[in-house]
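Trainee: Listed below are the residues making up each chain.
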Amino acid sequence: MTTMNRNTCSPLVSDKHPVTTGANSSIRENVEEGGCGVLGIASSIPIQGRYLLQPLIQMHNRGNGKGGGIAAVGLSAKQLGVSERVLEEDYIMQVAYIDPKSRVEVESQFINSNLNVELAEKTATIENHRSIGLEVKPPEVWRYFVRAKEDKLRQFIEKNGYEGLKPETAEDEFIYRNSFALNKKYYASLGDKKAFVTSHGKNIIVFKIVGYAEQVLHYYQLEDLESHIWIGHQRYPTKGKIWHPGGSHPFIGLHDALVHNGDFANYHSITEYLRQRNISPLFLTDTEVAALYWDLLTRTYEYPLEYAIEAIAPTTERDFAMLPEDKKKIYKAIQATHIHCSPDGPWFFIIARNNPYRREFQLIGITDTSMLRPQVFSLQEGEAKIGFIASEKQAIDTMVQNLAKDDSRFYPMNDLYWYARGGSYTDGGAFVFTIDESKNLLCTDKFGKPISATNHQQHCKRISSHDMPRFPSIDEKLKDRPRGVDLFAYTAKNIEGWSFGEVCSFAETMREYAGKSDEEKSVVVETLTLLIDRRYDTGRKRRSDIVSLFEEKLFDVFNSTSSTESDTNGKYRLIKFEEKNRLKGPAHSNQTLVMDVSEFPPEGGEGTCQLLERACKLGWKNFVAYNFRGQRNFGAGLIARDRVRIDVYGRVGDCLAAFADGPEFYVHESAQDSVAYCFRSGKLVIFGDAGKAFEYGAKGGVTFILGDLIDRPLINSVGSATAVVNGSCKDYMGESCMAARGFTILNGVAFDDHGKMVEQETPYPGGNLFPLAAASAVYLRDPRETVGEDQLNGGKINTISKEDWEKILPLLKENEKLFGIGVEDLLKVDGVMRRPECVYRKVVPVEIAALTKYESGI
Amino acid sequence: MMQGELFKKPIVKPAPSQYPASIEKYEVIIERSKCSMCGKCAEVCPTCIGASAIDIEAYQKPDGYLRVAVPKISCTGISCQRCVHECPDDALSVKLSPQYIALGDARWTAELIMSTWEQAEAGRVSKKYEYRVGDSGGGFDKLRFDFELDDKEICDDDPSNNEDRDTSIVLNKRNDGRPEIRIPIPVYSADMSYGSISLNVMLARAKAAEAWNTFTSTGEGGYPDELIKYKDHVITQVATGHFGVNAETIKRAKIIVLKYAQGAKPGLGGHLLADKVTPDVAKIREVVPYISLFSPFPFHNVYSVEDHYRHVQLMEDVNPQALISVKVSTPVDVDMVAIGSYYAGTHILQIDGGYGGTGAAPDIAKKNIAMPIEYAIPIVHNYLVREGVRDQITIMASGGLRTAFDVAKAIALGADGAVIGTAELVAIGCKRCENCERGKGCPSGIATTDPALRYFIDVDWGSQRIINLYSSWKRQWSHILEKLGLDNIRKLRPNDEVKFKKGRFNHMVHLDHLK
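Chains A and B supply the protein sequences, listed in that same order. The first sequence begins at 0 in numbering that gives the first Met the number 0 and counts up by one. The second sequence begins at 0 in numbering that gives the first Met the number 0 and counts up by one.
Next up, chain A with everything else stripped away, as it sits in the complex (with noise of 0.2 Å):
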């Protein structure tokens, strides 16, 4: 813990009166909203702009064209034209010129008068914006190395007496007045904006616009620029006819960028708690002064990370409860010094940095205290380590696929999901990904706790077909025609022992024998799906490795059915997006329809949904809809009560069976947020973790979870709806929940390296848990009560009955056949089985005595 040196910081806040008064600050003006799609990126190697490209056009809909903007920490010296030492030692500063004529007249007043100019130039850009679809005109960026100058920088420490400081703290702070003195002039005071900075920290530089956050690296040719950090904002702004590129996100402090998904309810309050120390926002947009706050805290008062982020996501109610006693002394102090300066609403931020000083560079992913915005953390550890943050899953996977298209340092598939639990004990609702000076990268979260995917398993690099080796078991074992289900059952039991070449030549004898006959392409579409599926011993072969090459092979399998406008009667049929309006009925009702979902667009008219209703209508009772791209709304409103089943595969996109009414879904991935919204009837089972909100409202059915749930799921659920979760729910479980026929098991198991099921810490480590439900029961595994009554609000724990497990055995029992998970491994507890009711509690809903006595007229 550093020592905050009361000398150093305060001359630092009270001089920046001088430079702030009559700074435009009208908190009257409307502040812009920020709902949007936000992601970031950070890698041990180099990466190309290029590759952020395709995640975020999957995440447009998130934005509304109106405002993006990217930011790169890390870059390559070489291709910025300049020595290593210089971009070490250099800020860059950029200047955005809205009006290239204010130029001259900006670099001699702010650039050329205070610093020295190392290299000056203007950044290449495409010809013509309208090239790339863009409206405005994006500005011209002028990019600057320098440093301050020598005489004007000693001036500036003997006024302010800053003699106290380190060298590089003074001219950090001369370089950032220096900034805001421009900005103030040419942009904030004037109603026709000139020019801005975007950027003047070291080692990093922004762009932003008008516009989509890819055109960002289209238009300024970004594409082949390298990094190790990047963050990449769409923006859904809604006020205002005119937008201004410097109201677009990413906002900076110094050597850092902030991106920002959500909006405050409180921006004003934060800009007078700014203004008291003496910081005033200019570009009238509740991001700008959450990077003003992240400022103030990391550079002005030097906090320690963890501090900053507790200053900005508080550690509140339970979870401060749970703290050790230390940390509650120091959070508290924290607290009332700055819990009025904390963003109140829905917000989740992206911070890029670079620690000069400290030589590293960092990724920080902050969410807000209720978890109210959508976040995922993935990290692949292999010959290169990256971690990525983004507001959807099926972005990140987008990107490490592409990433490992063209370069086999990375692999197509990530080694680790997860999500923050905001302002939590357990991980403090926030991570970091550091890349120290010899380009390790190490993941921690807010206290410091490091995460990692590193264990006995190795990443393995796939093996061209000449390479192969063949594989004569597997021939042998195929010249019985086995089904898929002992197919699956050999190969989890042998695939330990394998090589990672044998599991190739296995994956693509697979692919050979599907093609011989629908019968075999059967089997082999069981036993890969089982493969992706279920958890096993991979032995020293990372999971990832495999599911990916099975699911590429299950895809190539699916590819290579025949087109619904050929004649045959085969059992599949492939359609895809270009022949969509062209789909007849099935020519028997054991008929699969494969869809190629890959190039529908997200949802509306043309969309998935669309098409799944039309092909119901005409009769289709089996699909296979695969190489999902984030696409929505899949299944929604489907009413489908006659036995139909759709298979699932890729990255699916939010609001998955909204609505749905009758149909069986089984999803062979994660699902995303707004899962089974609504969900009347049927039955879904997911093959992996769902997102927010799962089931809210639902009316009934049934569902199976193999991973865990996020937060916010079953509120407002009636009827018999029924979930079985095997993982935990982090917080806001089943509010207001009046399922009288229905209930919830939670059984807080994971999965190990081995494939083995182990117990998670606990299976609801938040508060919240029931809150003002009515009826229907939650059945916690949960043999070391770990779950207290302080996580209620409305509620009680009790011990199961025998008519409870007689009402939860069948459906775990359905579970196992599902997932594999043994009811007698639940029963077990550290190896010894155990009555049913020594391991499962009961979660119940109590009368809300203050409620009662209200409506008794008391």
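Derived by calculation from the structure, the hints in this document are not laboratory data. This one's a predicted model, so the numbers in the text were calculated from it and none came from an experiment. Please note that the accuracy of each hint is not assured.
[As the list claims (entries may be wrong)] Below, computed lysine-lysine pairings styled on DSS-like, alpha-carbon distance capped at 27 Å:
1) B/Lys282 x A/Lys806
2) A/Lys183 x A/Lys100
3) A/Lys616 x B/Lys228
4) A/Lys476 x A/Lys570
5) A/Lys682 x B/Lys250
6) B/Lys501 x A/Lys616
7) A/Lys616 x B/Lys230
8) B/Lys141 x B/Lys172
9) B/Lys39 x B/Lys228
10) B/Lys24 x B/Lys172
11) A/Lys616 x A/Lys583
12) B/Lys250 x A/Lys583
13) B/Lys282 x A/Lys841
14) A/Lys158 x A/Lys100
15) A/Lys579 x B/Lys228
16) A/Lys620 x B/Lys24
17) A/Lys476 x A/Lys515
18) A/Lys682 x B/Lys282
19) A/Lys121 x A/Lys193
With chain A held as given, fit chain B onto it using these hints.
Mentor: Positioned in the frame of chain A, the structure of chain B alone reads:
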């Protein structure tokens, strides 16, 4: 009613009150000790010709007071007083009746209530009751159309004086391939859930909506099967509790309303108190009877504008033909909400102001927050004009719009139309006693799901009452348009920003600014 069929106005049929005794505004009191029973009062009374004015039996009652109140023929009141003047014994006096004094409040005055009853009964207004404004001291009650200041005699009840003008509005102005949906009157019927009101009331409103080729709404409590036959005229509401909302109820509707908030209780979701959650209500909502139902305030999957976009797009995917309406209350940044909804793909924005009603909220929450609707309308209208999108979205104002004149004023302030709640209930007999939230507490059998009380409202009678009310309102709108020299009601709505200048704006004046 098929699209393209020529709309025929429903016929006004008399629908008298179900009560045998009516509430009268005036009563004549006879001091028994003075009265010589000469019968002169009955002779001279202009309304009592041919009927006995004196009820001898009542005269002999112990309290000595006699009411000269023959059913269906009521006392003209203080402006007449012939009986008083002609009484040789000086035994008579004319006073406001106690019921009249007790009835109503500053917003829904006794006059407005009784006028609404009169219009519901006969389909027209008479000079007897004030039918345009209440007495709240603000809001629409302080606004007058220009012509109202000139005319001493306002709307008469001679049908030959009123042309029937075009009072239709279009609900889908986005030109996006979805049905345009034109309704012949600029109103539709508000969202009231099964649970807050009875099934019979829902049916009465739906039948009236069908007759007028407009809409009513399911409210938050689900879509009773009995309503399906009116499905072309029933809006499905999707509220935060999603009670009874499923793919069928979404797909069958022509309009879907996403209720983000309600003016009467912004910041709160529905709160249906336990005694109103009867087994029937519980069944349709699939919940446990007699336990209070809480709907969350926000949609738990909509916390940001791009979530709202996703939400609207989801509804459009489930029902590609339906129009999407978004119902919001009136916070300070209601304009931001409006533009966000527009970009999300919404067709109709319903702004629900603070005077709105609710049958499902505890007392402390009712009406104590949210901006009054008369402020919110021009704020939203002006903002959308500046953004250049005003003519692509329909704004419906709601929250305590009581009369045809309120609706017209709302349109003159910038709305396209209005959503009517309480006025319909008053039309079928609501006396505004404000006991709506307690299940057995509605003495009119309206805001109740009590299995016996619900039959108090007969569906056919109830629908005719509402049909009559809207007939009367249409005549008044035609009258207003005639006076203002406008062809149709869409021209009453300003095209440009509404500007308030020296107390005047867009055909209206604010009384406080008159010198």
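Trainee: So, for every hint listed, does it hold in this structure?
Mentor: To see whether the hints hold, each was checked on the structure:
no. : hint                : result
1   : B/Lys282 x A/Lys806 : holds (23 Å)
2   : A/Lys183 x A/Lys100 : holds (18 Å)
3   : A/Lys616 x B/Lys228 : holds (24 Å)
4   : A/Lys476 x A/Lys570 : holds (24 Å)
5   : A/Lys682 x B/Lys250 : holds (21 Å)
6   : B/Lys501 x A/Lys616 : violated (62 Å)
7   : A/Lys616 x B/Lys230 : holds (22 Å)
8   : B/Lys141 x B/Lys172 : violated (32 Å)
9   : B/Lys39 x B/Lys228  : violated (57 Å)
10  : B/Lys24 x B/Lys172  : violated (45 Å)
11  : A/Lys616 x A/Lys583 : holds (10 Å)
12  : B/Lys250 x A/Lys583 : holds (23 Å)
13  : B/Lys282 x A/Lys841 : holds (26 Å)
14  : A/Lys158 x A/Lys100 : violated (33 Å)
15  : A/Lys579 x B/Lys228 : violated (35 Å)
16  : A/Lys620 x B/Lys24  : violated (68 Å)
17  : A/Lys476 x A/Lys515 : holds (16 Å)
18  : A/Lys682 x B/Lys282 : holds (22 Å)
19  : A/Lys121 x A/Lys193 : holds (16 Å)
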